[in-house]
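S.K.: Numbered per our numbering, the sequence shown spans residues 407 to 652.
Since the hints were derived computationally from the structure, they do not count as laboratory data.
Please note that a few of the clues may not be correct.
[What the hints assert, rightly or not] The list that follows gives simulated cross-link-like pairs (lysine-lysine, DSSO-like), each with its CA atoms no further than 30 Å apart:
1. 612 x 466
2. 555 x 433
3. 466 x 421
4. 435 x 418
5. 501 x 435
6. 460 x 417
7. 555 x 471
8. 418 x 517
9. 542 x 555
[What the hints assert, rightly or not] Here are the in silico distance ranges between beta carbons for each label pair:
10. 556 x 634: 26 to 34 Å
11. 590 x 535: 13 to 21 Å
12. 564 x 649: 17 to 25 Å
Using N, Cα and C, we set each Cβ at its ideal position, and we do this for glycine too.
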Amino acid sequence: MDRNQVMTDPKKLVKIELMNHGIDIDKAKIPHRVYLLADSLYDEMLSRNVGEYKYPLGGKLFVFKDNENIGFVKSMMCSPGIAIQAEDLAAGGVKELIHLGFAGGIGSNVKIGQVILTEGAFNDTAVAGLYGYDEKIIYSDKILSQEIKDLLVYKGLDFLQGLHWTTDAGYHETWGNILDYREKNALCVEMEGVGLFTIAKYRNIKATAVYVISDVFNDEGWNLGWSESKINSTVSELITAIIKSI
407 MDRNQVMTDP KKLVKIELMN HGIDIDKAKI PHRVYLLADS LYDEMLSRNV
457 GEYKYPLGGK LFVFKDNENI GFVKSMMCSP GIAIQAEDLA AGGVKELIHL
507 GFAGGIGSNV KIGQVILTEG AFNDTAVAGL YGYDEKIIYS DKILSQEIKD
557 LLVYKGLDFL QGLHWTTDAG YHETWGNILD YREKNALCVE MEGVGLFTIA
607 KYRNIKATAV YVISDVFNDE GWNLGWSESK INSTVSELIT AIIKSI
């Protein structure tokens with residue numbers, strides 16, 4: 407056997423897991439598009455009562471009541487976590503993955519509560535290399551990103567678009583790191599983008615991401631914004647925009 411032969415196949419495990427819940431993967435109508443929602447974004451979506459739990463796939467996969475081709479699930483944390491989740495969803499037949507998460511602002515013009523639509527992530531993780539992608543930037547899908555951009559514009563949400571930085575060390579961003587990635591015009595930093603975009607490339611599906619800025623790094627240090635109402639307001643506006651687009 408070739409030493410580079412991958413020994414695992416997520417489709418085998420996903421098929422068994424669904425079968426154990428009485429679901430035939432070949433007959434199930436798995437959503438074409440799935441939103442992966444972090445923390446309070448997921449809680450906000452659940453509170454709107456717009457979805458129904460249907461499948462144990464990538465977590466608890468809900469399907470929108472008004473459109474069974476679109477679903478949502480609580481996103482996993484960090485690039486390895488969301489990579490495994492994306493693998494499972496892709497194995498189940500999902501073709502488009504959109505992550506709605508939180509990020510720390512590093513651009514001088516980025517403010518707490520602001521929305522960022524990413525074009526791709528500077529790779530500071532292990533996952534991409536393990537999958538054979540050694541590029542400095544792992545890009546999101548341009549077509550899917552444009553669709554989300556059109557939605558944000560149509561709904562009148564204020565946002566910035568550009569590259570960002572994905573790290574595996576969420577509590578170890580140094581001031582030097584911030585300055586270096588600022589010079590590369592990175593808008594924010596988070597921990598999932600590269601993992602998600604890597605799997606999308608590897609499995610030939612589409613993925614993009616939108617982030618709500620929850621904290622910022624500047625000359626004064628680390629400014630946490632979780633107590634500010636602007637974050638809750640942005641979360642509500644973003645979820646409303648998604649629901650109305652279904």
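S.K.: Which of the numbered hints above does this structure break?
M.R.: 2 and 8
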